[in-house]
Amino acid sequence: MPSRFFHQSRRSSRRGNPVHRYIRMKEHSTDRVVGYFGFPRRRILREARERFGSALPLVDLDVDLGAGDSLVLPATTCRIIANIVDNAVHLGPRLAAVVASVGEEKCDRGRHAAYLLARMGFTVIESRFPAEELEDRPLVYARARLPLREKIDRIMATVVDPAAPAQGPVSCSPTHGFWGVPPHDPRILDLFPETTHVYGWVRCVEAGRPSDVELECLVDEGVPTVFFTQSFCAKQDLAHHLAEKHRGLAIDCHREINDSILAKVEAFVRLS
Amino acid sequence: MKIADCGSTWTKILDLDSGALEIVTTKELVRRKDALYDVATGHCGRGRCKEYRNELIALAEGGLALVGDEDFSLVDVGGRDIKFVRFKGRKVEKLDWNLACGSTTGATLELLGGYYDIDFSALSPSDRWVNVTCGVFGMERVLEQISLGTSPEESIAMFLHGLVRNVIDFVGRPAHFYLSGGFCENPCFVRTAKRYSSVSPLGRTVLLEGLKKVLE
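So the protein lines, in turn, are chains U and P.
According to my numbering, the residues represented by the first sequence are 1 to 272, in order.
According to my numbering, the residues represented by the second sequence are 1 to 216, in order.
Hints listed in this document are in silico derivations from the structure and should not be mistaken for laboratory results.
Any given hint could turn out to be false.
[Claimed, not checked] Cut-off 25 angstroms, straight-line C-alpha distance, at most; resulting in silico cross-link-like pairs (DSS-like, lysine-lysine):
| no. | chain 1 | residue 1 | chain 2 | residue 2 |
| --- | --- | --- | --- | --- |
| 1 | P | K2 | P | K213 |
| 2 | P | K194 | P | K88 |
| 3 | U | K245 | P | K88 |
| 4 | P | K27 | P | K50 |
| 5 | P | K91 | U | K245 |
| 6 | P | K2 | P | K27 |
From just these sequences and the hints, can you work out the full model?
Okay, here's the thing in structure tokens:
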């Protein structure tokens with residue numbers, strides 16, 4: 001199984017409160033949490049924590065946390081959006097609030113998920129990233145020599161805590177590229193060498209520019225790149241266009257990665 | 001030493017010591033309790049070999065072993081998927097593997113052919129085609145054509161024409177390409193493909209050639 005039961009990472013924010021991207025769903029069954037998805041404005045996230053309890057852990061609802069299918073959404077829904085709703089339904093009353101990224105930095109289906117959760121009785125705080133709040137943060141991890149899974153985890157943790165590490169990782173020239181969003185099943189990331197640079201929405205997150213389509217579509221010419229999307233995600237339009245333009249490999253995957261997809265990426269990484 | 005390309009519907013087994021090639025249906029292979037090969041590739045090869053090799057890599061290596069061109073496109077049309085590699089200066093320029101949409105089409109064609117007793121060696125190409133979005137949708141179109149009075153032969157040739165169009169689009173509509181897999185032995189497929197591109201069939205053992213190359 002992917003990360004849902006085994007991979008647990010916890011990172012402290014500057015305030016010292018735990019931020020969970022991966023938790024065990026059956027742990028801390030009486031603890032309340034604040035959920036979020038996408039890249040909400042940090043001020044709104046901070047205010048939500050102050051309102052609902054600064055000590056409450058933050059949980060990234062985009063990630064597969066092992067929740068069962070809530071049957072709220074159609075089967076042909078991007079797994080990230082399905083994770084948001086399934087996780088929220090599974091957490092139920094433990095979820096003090098959901099800070100929902102519903103602007104251009106997310107997608108229509110994220111906005112719809114926020115709408116549905118609010119109608120289901122969850123406390124939903126909407127966030128839209130305004131253009132004047134777009135930043136230009138240095139890319140510490142996207143160009144680093146690190147295992148790709150760790151690189152993306154660290155970038156996504158900057159949504160809550162963007163403070164640069166005291167001693168950052170070593171940067172490197174790219175031998176390969178990974179474009180896209182954090183995958184529902186992260187095993188695909190383990191196929192890439194440490195010299196893989198990160199592009200697409202994940203890079204936008206690290207730069208603090210989550211709705212910047214120009215940056216999202218920027219890749220280094222000549223770097224063999226896998227353009228990854230979840231199936232049924234609108235980003236497939238960009239992935240298809242970019243893969244054709246840069247002779248990369250477009251991959252889409254629903255639910256868990258299968259052997260054929262792993263083999264396809266393995267072949268691309270090895271032969272490119 | 002025995003090497004095998006265990007595809008979804010057909011398995012190709014080569015004895016490297018004697019040079020004997022055996023081609024069996026995969027439905028027979030999965031019932032063979034002693035089917036264990038030294039090196040294997042293909043969807044059903046995993047678990048039936050001491051050493052497993054990636055099939056797209058085997059296809060690419062096989063293409064390089066069999067084709068001397070500097071620049072060329074190679075496509076393998078299988079029972080459940082389509083694999084494609086384009087070389088420039090004998091380096092991989094682009095590759096892809098159609099795993100979902102359009103998959104199972106080869107197996108679907110065999111199922112349809114078996115049901116309607118089609119002799120593919122005698123089947124004439126059709127000028128018309130049906131959309132083969134996937135095997136199931138394509139089969140629905142064939143059944144619809146037959147219900148409208150089109151002969152089973154013509155309906156299946158239309159399905160095959162739709163499959164050819166998928167393949168040509170998938171490989172980027174090249175002026176010429178090399179074909180790998182069981183469709184090399186289907187004259188209706190090859191003649192239909194020639195409406196769109198120049199085609200050079202390489203036969204069913206390209207992946208085995210790739211495995212040999214990998215073993216060197």
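Hint-by-hint comparison with the structure:
1. Restraint check for K2 of chain P and K213 of chain P: satisfied, since their Cα atoms lie roughly 14 angstroms apart, inside the 25 angstroms limit.
2. Among the hinted pairs, K194 of chain P with K88 of chain P is consistent with the structure: their alpha-carbon atoms are about 23 angstroms apart, no more than 25 angstroms.
3. Straight-line distance between C-alpha atoms of K245 of chain U and K88 of chain P comes to about 16 angstroms, which keeps the hinted pair within the 25 angstroms bound.
4. Simply put, K27 of chain P and K50 of chain P have alpha-carbon atoms about 21 angstroms apart, close enough for the 25 angstroms limit, and the pair holds.
5. Proposed proximity of K91 of chain P and K245 of chain U is supported: the alpha carbons are some 18 angstroms apart, at most 25 angstroms.
6. Distance restraint check for K2 of chain P and K27 of chain P: the Cα-Cα separation of roughly 19 angstroms lies within the 25 angstroms cut-off, and the hinted pair is therefore satisfied.
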